[in-house]
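Asks: Sequence:
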Amino acid sequence: MTSDVASKLVEAGLVSDEAVRKAQRTQHGQGGDLVGHLVKLGAIEEEDLLRFLSDHYGVPSVNLDQIEIDPEVIRLIPSEVAAKFNVVPISRIGRQLMVAMSNPANFFALDDIKFITNLEAEPFVTTEEQIKRAIDRHYDSVLSMADVMKTMEDDLEVVEQQEAEEDGESQVADIESADQAPVVKFVNSMIAQAVREGASDIHIEVYEKSLRVRFRIDGTLYERMPPPFKLRSAIISRLKIMADLDIAERRVPQDGRIKIRIGKKVVDLRVSCLPCIFGEKIVMRILDKGNLALDLTKLGFQPSALKVFQKAIQMPYGMVLVTGPTGSGKTTTLYSALSKVNTPEVNIMTAEDPVEYNLDGINQVQVNEAVKLTFASALRSFLRQDPNIVMVGEIRDIDTGSIAVKAALTGHLVFSTLHTNDAASTLTRLIDMGVEPFLVASSVNLILAQRLVRRLCENCRKPMAWTEELCQRLQIPMEAEDEKVTLYEPVGCDVCHNTGYKGRLGVYEVLPISPTIRQMILKAEPTSAIKRQAIEEGMLTLRMDGLLKLKSGVTSAEEVLKETAADTDL
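Quick note: the sequence shown uses our numbering, first residue 1, plus one each step.
Please note: incorrect hints may appear among the correct ones.
Claimed, not checked - Okay, derived cross-link-like pairs now, BS3-like style, lysine-lysine, Cα gap no bigger than 25 angstroms in a straight line:
1) Lys340 to Lys307
2) Lys84 to Lys40
3) Lys84 to Lys265
4) Lys307 to Lys259
5) Lys372 to Lys406
6) Lys551 to Lys484
7) Lys307 to Lys185
8) Lys298 to Lys551
In case anyone wonders, no lab produced these hints; they're calculated from the structure.
Start from the sequences, fold in the hints, and give me the full structure.
Replies: Here's what the structure looks like:
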């Protein structure tokens, strides 16, 4: 979809010029479709866009995310033709083939489809992003895993003689086995499958007599078909070669990066190699820009909490802290906040370990302990670079904490993260670290604690009753109006890979530092007292926010119980 459609959207009053400029900046940094970025940024809802496109082109619209397409229909148009013309066949009635297109005015594409299929093509319009997702879902860009496994089994004898797992095994043997076609096909296919399934990590683990491959999807690990055990060394060597690691070194951990192209998509992988007793374990973090949604309104905030958070990040100075365990979405929240305040008038600098995504218009620094480029030293240098906004990946020690606090007190807006259980205990953590209470009280504007819960698949979720037993598990009283609330539980279908869940959203605890809480910090009052005061002032705890999401039908009771603790100290 072109900028012509974006200009028509502006003419129709559906999006603003500022939103288009912001989407253009995002497109410049991340690539992709301009109109798709307008949807991701929240400038226009996808349903409104589909209605506009239908009127603009004079053809019906279709939402590909909500329909299942018969594989026999998919086979009518080859994958290379679908990718070339941004088209997906959706149904067939007699000699009529209904096709979804991002540009129904492309008559050359319609003529080619008619020639290839010998059918009359009837166009429907949809967004370019929906077509890309449908192509990923219905067409395999590489050999299927089953085909690759069969090839590996057939060709196993080629590398079997090189699999003597002795310490003196030569580097040459490893490289030769790593370059064997079945191994290369397996590694490429495994990564492509993980990207298609929306995995965030790939785990490859070696045990005494077995090899295990697992994908982390929506925060949960799922096993996938493992390759033959005899190829464990060749596969690990192949991945180390791709990540530019030393394949001869098996005694110490190593870290590297892989950049791979899957169809039209370029994906970065952060590779970690760790020696274990039966071999090396490899974990690859998939950094897919296409899945990065930098829109605060779509992360799962309650409206009142979002208003408070947005007010804090628009302040001219002070500190905003985001807390939560590893993998709780802190980086996405911070990137979304930075994207919100990223304008040509401000200088934004970040120190990260590692830099996960490149953000256009923001100066990002990769921390490197080996050359003594730490968070603290980077932050000191930032203050000589005339910054307006500074983001420090993590406050790990008193040195970083003290500099961050002083930066917040000298006219800078500082974003950072800590590892604590909830928002209130972050204040105690800073003081325990060695930061003076009066500095904490003066510098901190807001603390945000967060977790991620899996979102129920809307295609297969089913209603469940609100019971006394469930209230006991959640440790909340049974209210009369609760019986009227419809809850949902997971089932599992093809759309969600039989997990019952598709995607994740945040559960948030937003603690603004009010004058009363500042006084409580100065008096060194306990965490529980500060938490009670914050709730009186309107703060929702993690459990309270989780319960609201449970009652709205977007997640399940199991997810709320797994990710949030009961407010027993109140």
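Asks: Does the alpha-carbon distance linking Lys84 and Lys40 stay inside the 25 angstroms limit?
Replies: 24 angstroms, holds
Asks: Please work out if Lys551 and Lys484 have their alpha carbons no farther apart than 25 angstroms.
Replies: 10 angstroms, holds
Asks: Hey, Lys372 versus Lys406, does the alpha-carbon distance stay inside 25 angstroms?
Replies: 21 angstroms, holds
Asks: Assess, step by step, whether the Cα of Lys84 is no farther than 25 angstroms from the Cα of Lys265, and give holds or violated.
Replies: Status holds; Cα separation ~14 angstroms.
Asks: Are the Cα atoms of Lys340 and Lys307 separated by 25 angstroms or less?
Replies: Cα-Cα ~13 angstroms, so holds.
Asks: Is it true that the CA of Lys307 sits at most 25 angstroms from the CA of Lys259?
Replies: Between Lys307 and Lys259 the Cα gap is close to 38 angstroms, so the pair fails against 25 angstroms, i.e. violated.
Asks: Taking 25 angstroms as the top limit, are the C-alpha atoms of Lys307 and Lys185 close enough?
Replies: The hint is violated at about 49 angstroms.
Asks: Is Lys298 close enough to Lys551, meaning Cα to Cα at most 25 angstroms?
Replies: 18 angstroms, holds
Consistency note: the structure conflicts with the earlier hints numbered 4 and 7.
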